[in-house]
Amino acid sequence: MAFSQHNLGTVIAFEFMRTIKKKGFVVATLAIPVVLVVVFALIFASNSSTEASADAQKNSAIAFTYTDASGVIPPQMAQAAGGKSASDPDAALAAVKDGSSEAYFAYPAEPASQPVKVYGADKGVFENGKYEAVAKQVLNAAAQAQVGNPQLTAALSGGVDFESETYRDGKVSGGFGSVIPPMLFLILFYVAMILLSNQMLNSTLEEKENRVTEMILTTLNPTTPITGKIISLFAVGLVQMLVFLAPVAAGYLFFRDSLALPDMDLSILVFEPGPILVGALLLLGGFTLFTGVLVAIGAIMPTAKEAGTIFGPLMAAMFIPFYAYSLIISDPKSLIVQVFTYFPLTAPVTAMLRNGFGTLTGVEAGIVIAELFIVGILILRLAVHLFRYGSIEYGKKLSIVGTFRRSELAAK
Amino acid sequence: MTLGDAAEPLVHIQDFRMNFGDKTVIKDLSFDVRAGETFGFLGSNGSGKTTTLRALLGIYQPTAGTLHIGGKAFEPRDGARLGYLPEERGLYKKEAVLDVMVYFGRLKGLSKAGARSWSQDYLERVGLADKATARLDKLSGGQQQKVQLGATIMNDPELLILDEPTKGFDPVNQRLLMDIIEEQKLAGATVIMVTHQMEEVERLCDRVILLKDGTARAYGTVSEVQEEFGGTVYRVTYEGILPASALYDVVTDTGGRAELAPRAGATEAGVLRELVEAGVAVRSFTTARVSLEEIFIQVYGEQQMAEVQ
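Taken in order, these protein sequences are the chains called R and U.
FYI, the numbering for the first sequence is 2 to 413, going by the working numbering.
FYI, the numbering for the second sequence is 3 to 311, going by the working numbering.
These are computed hints drawn from the structure, not numbers from a lab.
Check before you lean on any hint, since a few could be wrong.
To spell it out: a stretch of chain U is covered by chain R in this simulated footprint if at least three of its residues, at any positions, have a beta carbon under 8 Å from a beta carbon of chain R; those stretches are [to be verified]: (1) 74 to 81; (2) 103 to 114; (3) 209 to 215; (4) 261 to 270.
Think of the CB as a built atom: it goes at the ideal place given N, C-alpha and C, for glycine as much as any other residue.
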């Protein structure tokens with residue numbers, strides 16, 4: 002037993018170290034934080050120039066002409082903003098076209114149903130926005146003057162916040178704040194699979210392609226290398242996530258204002274134990290299932306290239322539930338959603354989505370979790386079997402049935 | 003862990019049968035390998051040698067029969083000191099030589115420092131000290147094989163199983179390899195060797211088995227097998243033409259050099275007299291045992307011999 006544990010530790014250390022020492026891994030892992038740092042730097046520089054531009058725009062007045070068919074614009078208000086009433090719309094437009102006037106606004110007879118026409122001298126995409134801003138500001142000020150009540154003006158312009166509270170079983174339900182925490186498991190699942198799936202696929206292929214299987218199988222119980230590889234891959238994935246998150250966390254903690262990152266109010270999150278537990282179990286079950294499938298494919302296929310033909314469709318199965326995203330949320334009892342909920346390859350994502358939005362019942366959650374773990378463990382056992390009896394089939398695609406009846410093994 | 007009782011055979015194979023689908027590859031094969039001996043496992047390509055070794059090591063499941071090492075079916079988890087050099091060579095090609103050797107040393111129960119120290123000494127000996135940090139795929143095929151042999155023997159194995167160990171080696175490195183195997187033998191290891199190098203088998207092996215079409219065609223000490231297949235031969239260098247005779251069969255004749263297998267009742271003097279009386283100018287006449295190579299040719303035929311060479 003001690004010898005097995007010693008070997009498991011040796012396998013984990015070897016697999017972990019040789020993965021993180023690979024140039025490709027280092028480049029790919031470091032590329033993302035480097036890109037993030039570059040993006041943050043660009044945002045920082047952009048924010049500085051944007052602020053300067055905004056200040057300049059705010060302080061610069063434009064001289065414009067206007068016509069007001071509605072009669073809602075008080076002349077003195079327009080004049081205060083730099084406007085001058087025009088009597089001939091065509092002449093005012095012609096003046097803008099020939100450059101003798103900076104801008105011309107044509108307020109229609111019914112602004113509620115007709116657009117306000119804004120004409121201006123071209124000053125670039127960013128600068129051109131100020132014409133519409135000024136036209137809108139004049140109209141808003143005119144409306145507020147007519148209503149005579151700032152609260153009503155705010156209500157009319159959609160500037161009022163609403164706070165909802167709903168109840169379930171006599172208690173305040175979490176609302177959208179309770180959706181986010183369980184959905185984090187879905188994000189973790191996707192991140193883990195995107196980062197690790199290719200390495201899972203190649204983990205047993207490598208022994209086969211390198212013709213090292215017999216040396217391994219006569220030194221280790223076949224469960225040990227598979228288990229060691231999975232644990233090391235998990236550790237590798239954690240390292241990658243930490244490296245990816247480091248610049249984001251540093252940026253958020255130390256440069257939030259400079260980078261104009263939103264100040265997240267974490268108090269809105271509601272951590273409900275049930276959905277959190279179900280989400281965690283679905284994540285573990287889904288990870289077990291996909292790991293088993295990928296390792297088994299690696300044991301069956303002779304080369305990484307050929308394994309890729311199966312790998313693509315398999316990964317697509319993870320994203321298929323998103324095509325029925327709205328149906329999963331709005332009509333969880335529909336046939337297609339039920340199929341996605343219980344079909345092993347689509348079950349993790351579908352169930353995690355439903356768990357997040359609160360439509361996965363306790364019974365359904367229990368069935369799906371049990372299914373994922375049972376099928377996942379069975380497939381992992383199959384993967385170990387295929388590794389033991391199939392991975393010496395160097396250069397050949399393996400028949401799964403053949404490994405059981407030993408009919409495909411080449412005689413020597 | 004030590005492998006079994008010294009009084010019992012270290013390897014015991016009894017009524018081993020192996021089917022691949024409808025095809026029977028091994029037919030009720032039985033033999034023993036005793037502790038401390040060097041055992042030659044001989045046979046043409048496709049005769050079932052590697053299949054037998056894989057079944058012995060648990061890589062294949064036998065259709066029927068008993069295959070024991072140290073009194074029980076082999077399990078890696080038992081921690082027996084076994085060294086196996088498979089016919090299909092390969093290690094982790096993208097890793098450094100020393101890293102791979104240390105890895106296998108650790109798996110075989112050595113400490114990290116012990117595995118590193120042993121590996122460095124071994125690489126020095128086989129002329130690869132300067133390749134310790136090089137990736138395996140940067141080495142030649144022969145150099146990679148030396149590394150794999152090192153990974154095979156670094157746990158000082160009690161049982162060393164070598165499947166065509168000289169394959170891919172030049173004569174100089176074949177000599178080096180055989181020296182290393184001989185050292186293992188002298189250190190007390192039991193060695194099972196699949197090879198087509200008959201001279202080395204005669205030099206190193208205590209006992210042999212010849213496998214043909216999945217059955218044992220011959221089994222015993224080298225002398226016993228030689229005796230079974232004709233016992234002695236007369237090696238003659240001569241001028242003239244060898245006559246047909248009732249006293250001998252011509253085993254080989256290259257025109258000036260021949261091996262004659264005496265028939266029952268024939269004597270050295272009788273054969274020599276007949277040659278001289280037939281006008282053959284005999285330059286030398288010696289008695290020798292029939293070589294394993296000649297036995298191999300007898301058993302497998304000229305065509306298969308050409309195939310294995």
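Evaluation of the provided hints:
With 5 residues having a Cβ less than 8 Å from any Cβ of chain R, the stretch 74 to 81 of chain U passes the three-residue criterion, so the hint holds. With 6 residues carrying a beta carbon less than 8 Å from a beta carbon of chain R, the stretch 103 to 114 of chain U meets the three-residue requirement, and the given coverage holds. Only residues whose C-beta sits within less than 8 Å of a C-beta in chain R count toward coverage, and the stretch 209 to 215 of chain U has 0 of them, not enough to reach three; the restraint is violated. Given as covered by chain R, the stretch 261 to 270 of chain U fails the check, having 0 residues with a CB less than 8 Å from a CB of that chain where 3 are the minimum.
This entry does not satisfy hints 3 and 4, going by the numbered hints stated previously.
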